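Respectively, the protein sequence lines represent chains A and B. If you read the first sequence in numbering that gives the first Met the number 0, its first letter stands for residue 0, the second for the next number, and so on. If you read the second sequence in numbering that gives the first Met the number 0, its first letter stands for residue 0, the second for the next number, and so on.
In short, the hints are calculated from the structure, not lab data. Treat the numbers as computed from the prediction; the structure is a model and nothing was measured. Watch out, some of these pointers could steer you wrong.
What the hints assert, rightly or not - Below, computed lysine-lysine pairings styled on BS3-like, alpha-carbon distance capped at 25 angstroms: (1) A:LYS363 <-> B:LYS63; (2) A:LYS363 <-> A:LYS405; (3) B:LYS204 <-> A:LYS363; (4) B:LYS171 <-> B:LYS204.
The residues making up each chain are set out below.
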Amino acid sequence: MLSSILLTEDRKRPAGWRYGLAVLACGVVVAGLLPFRTHLDLPNTVMFFLLTVVVVALMAGRGPAVLASVLGVALFDFLFVPPRFSFEVSHAPHLLTFAVMLVVSLIVGQLTAGLRAQASEAARRERVARGLYGLARELAGAVGVEQVDESVARFLQEQWSAPCRLLLPTADEHLQAVHERGGVVPALDVALLMKVRDAQRPLQVPAGDGTGRQVHVLPLLGATRNRGVLAVALAERADDIGPLLEALAALVSTAVERLHFVEVAQAAQLEAVSERLRSSILSAFSHDVRTPLTALYGLADSLVVGPPPLPDQARDIAEAIRDQALRVNGMVGNLLDMARLQTGPVSLRKEWQPVEEVVGASLKLLGSALEGHPVRVAGLADLPLLEFDAVLIERVLCNLFENAAKYSPPGAAILLDAAVGPLTVELRVTSGGGGFPPDKLEKVFDLFERGHAETAVVGMGIGLAICRSIVEAHGGAIRAFNPPEGGGCVAFCLPRGTPPLIESEALPLEDELG
Amino acid sequence: MKDAMILLIEDERQIRRFVRSALENEGLRVSEAETRREGLLAAGRCQPELVILDLGLPDGDGAKFVDDFRAWSAAPVLVLSARSTEYDKIGVLDAGADDYLTKPFSIGELLARVRALLRRGRARPGAEASRVSFGDVEVDFALRQVQRRGEPVRLTPLEYRLLAVLVANAGKVMTHRQLLHEVWGQATGDNSHYLRIYVGHLRHKLEDDPAQPRHFLTETGVGYRFQL
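Work out the full structure, taking the sequences as your base and the hints as a guide.
Here it is in structure tokens:
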């Protein structure tokens, strides 16, 4: 009973009702006491009036308690103290009684009302804290920003009947309401919201809709960046609400940030899974195609080299089978490379290394494919270290050399040279022959585009497209041109970057190594 | 060389068939296995002098086989692998395999590798020769002298140590990791550019055409192979 009285807040009842309660309480006491007036001493009567003040203070607060004190003294004087029905005082000590009674009433009333106010304030805080706790729990389990928005709106509605709007940045950094609740928070100036978000300080503005509400605009501060704003329209000016709103904003930003990172993590995981899937499909395919090709190549080769010697014609056929198998293998390799390079981000294993080494490796790999085309290499020894994926750049060089050999007349030399620019190093592979058709210098790097469609040279038009993908993945560029000296040239450049420092090692003294 | 026992672990019958016939035509004996498990059992039974191991076995990882095999045998292991699996190759070479052949391969290539590895395997019990010559270079390890066309070549201590490690492992593919560990005493990949630079130095000092080396060969993405 007491707690239910205590927990009833002042503002929930209109002032008229509370002062009426004070008057009514005094009336009830008078009506109750009058019939027993002759049996009661005056001090007993005073006690009842004091009790009334306490009850009024408990139920209706400070103001009504003051009214009940004054009214009580007046009624006591008028109705109970002789001469009755007059405010005249016949007996001087009665004046003292009235004074003491008034003072005691006022003090008791104020103390009681203060106690009640404290209790109700504590209860209010507890309720808010409980609400915040519930909200925190709800937000921790939220799986989407819509759910966050909904929980916050319900919390504010329950606590302060305050409408709110949660605005989060879109992909292009504009603020957008998660859910538009028609008219609850008047459309705020976007520039104002952006200002709050960027200044990272809360702001209070009148709602301007005639309700006298104040709109609190709170920035949602994330650990890494600002996550948006929360606008709350509160009915009254409450000084102590600031920290509460800050706590609320912190809760919401944590939830929004958590959701953001969950999203990021899921996207990354998805990408990793699809990358893994892609790579395992490609290697399974590669294995499945290469196994029979290896068998075909090896079996044909064993006919060519192995005893017993075959008749010439059969031997020629076996050689042809072997060479065709090798060609199919080359095409499969190109197709797989293209699939790997074009179906997703290329993962590079970049390391700092000399260009000379990868050139040597690709020439050795090509081996007999370059037969009849002497390769001249110039100016590689003095190049700075470059950072690249050796396997992929080897592929580029092999394709360029192979292409050059394919389209050069027999015996024509292939030239590889290099030019060091301020930001890049350019490598050029020049072949003899007629060069590229001038109208196709750009298009030769397109997939399935062949520079010399009319020639009898076989190929699928993948080689140069692979080169372009690889070079571009390294942040470089590739171009084709016909140098004035004749022939065709493909040049690609790689960024120089900042090579690591190399500590040079002194030559040993003569006596050390002899 | 004749009569050496070769263990061939490969799951594809047609590949086994031509590899076997090529080896037998050379007078070698061949034992076959289809899986890693079978391969280990067969290795214990036939004590091969050389193992030819396919990297794409149905029951997995070639590196695991080499690990288990190396526990009791030092016989060389030649790996057959598809291109574009450099990282699997590095794994199996680091585990102790000696060389690899990329599919598809010709019989000539296969036999050349097999012969080189068998020679290496047989040479191992004796101490390494104190004098080695390749091309027009002569190295005398006892005197720590390197000569090219009769002229002394000056090497830095690290270059000399790298040369010694490469020559001692002639014919074997050495991964970047292994070389860094042997020469610099560390297994981190962070300094692999040092290794590349020093191999470049050796090429410039000892090769006729450093851009097209004949002895200090690059196994791109994997490591180096020194060839006599």
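Do the hints match the structure? See the list:
The straight-line distance between the Cα atoms of LYS363 of chain A and LYS63 of chain B is roughly 31 angstroms, outside the 25 angstroms bound, and the hint therefore fails. Distance check on the hinted pair: LYS363 of chain A and LYS405 of chain A sit about 17 angstroms apart at the alpha-carbon level, within 25 angstroms; holds. As the CA atoms of LYS204 of chain B and LYS363 of chain A are separated by approximately 20 angstroms, the hinted pair is consistent with the 25 angstroms bound. For the hint linking LYS171 of chain B to LYS204 of chain B, the alpha-carbon distance of about 22 angstroms falls within 25 angstroms, and the restraint holds.
Checked against the numbered hints above, the structure breaks only hint 1 and satisfies the rest.
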